[in-house]
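Colleague: These are the residues of each chain, in order.
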Amino acid sequence: MKIEVRLFAVARQLANQETIAVSCPESATIADLKQAIIEQLPELATILDHVRFAVNSDYADEKTQLSSTDEVACIPPVSGG
Amino acid sequence: MIQITRDPIDPDAAIRQVSSTQAGAVVMFLGTTREFTAEKKTRSLNYDCYPEMAERKLAELETAARDRWPIVECSIVHRLGHLELGEASIVVALSTAHRRDAFEAVQWLMDRIKEEVPIWKEEHWADGTTEWVHPGLPPQEN
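First to last, the protein sequences are chains E and V.
Using my numbering, read the first sequence as starting at 1 and increasing by one per residue.
Using my numbering, read the second sequence as starting at 1 and increasing by one per residue.
These aren't lab readings, by the way, just hints derived from the structure by calculation.
We put the CB at the ideal spot given by N, CA and C, even for glycine.
A couple of the hints might just be wrong.
Computed beta-carbon distance windows for the label pairs [said to hold, decoys possible]:
(1) Pro139(V) / Asp61(E): 18 to 28 Å
(2) Lys2(E) / Arg100(V): 21 to 31 Å
(3) Asp61(E) / Trp125(V): 17 to 27 Å
(4) Lys114(V) / Ile38(E): 24 to 34 Å
(5) Gln65(E) / Ile15(V): 38 to 48 Å
(6) Gln35(E) / Gly136(V): 38 to 48 Å
Calculated from the model, a selection of chain E residues having no Cβ within reach of chain V, i.e. all distances over 10 Å [stated by the list, open to error]:
(7) Ser23
(8) Pro25
(9) Glu39
(10) Ile47
(11) Ser57
(12) Asp58
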């Protein structure tokens with residue numbers, strides 16, 4: 001399946017795109033998605049140990065399972081306020 | 001009340017919004033654009049966010065704060081886009097019956113916002129370079 005991942009801040013800058021489409025196995029988890037990103041978009045590999053992912057606007061963990069209709073976002077360390 | 005806006009923040013409006021005859025205390029925190037970070041000089045800042053999630057997380061934090069403290073009214077406004085030095089990027093204002101609760105709740109909200117809400121600051125340094133601020137992330141080469 002294809003997972004669309006929204007990018008922000010440095011992730012958007014490194015990929016030079018606002019959204020990436022990542023090919024993942026069916027019922028992939030966030031850990032699988034990260035592995036797929038390393039293979040398909042190596043320019044993002046350096047930050048992946050430091051970012052969180054959100055699924056449908058909630059923080060997810062490595063074991064969170066994805067479906068192709070989920071809204072997935074890559075959340076680099078935040079700096080609001 | 002939660003708001004994410006590109007318009008300048010009006011602290012007086014936030015105070016008016018949370019003022020209540022049920023409250024004996026109003027505490028407001030204003031985050032403003034600082035000129036120096038260590039020796040580096042800032043010219044301006046830019047803020048971006050993940051809008052749907054940022055609004056949701058701010059609303060969740062307001063609810064969580066109301067569960068912990070007897071808050072009468074609460075207003076959180078975060079600004080986006082280009083900010084000049086000295087301009088406010090965030091206001092957190094709230095009212096409670098007694099001051100201790102208001103001080104604690106504002107501090108707690110600011111600490112949580114800085115950890116959980118998907119909003120990012122981009123430094124526009126005086127030397128002409130720009131840099132997204134990501135605490136804990138090793139510097140990136142671009």
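Colleague: Could you check the structure against the hints above and give me the numbers of any it violates, in ascending order?
Modeller: 2, 3, 6, 10, 11 and 12
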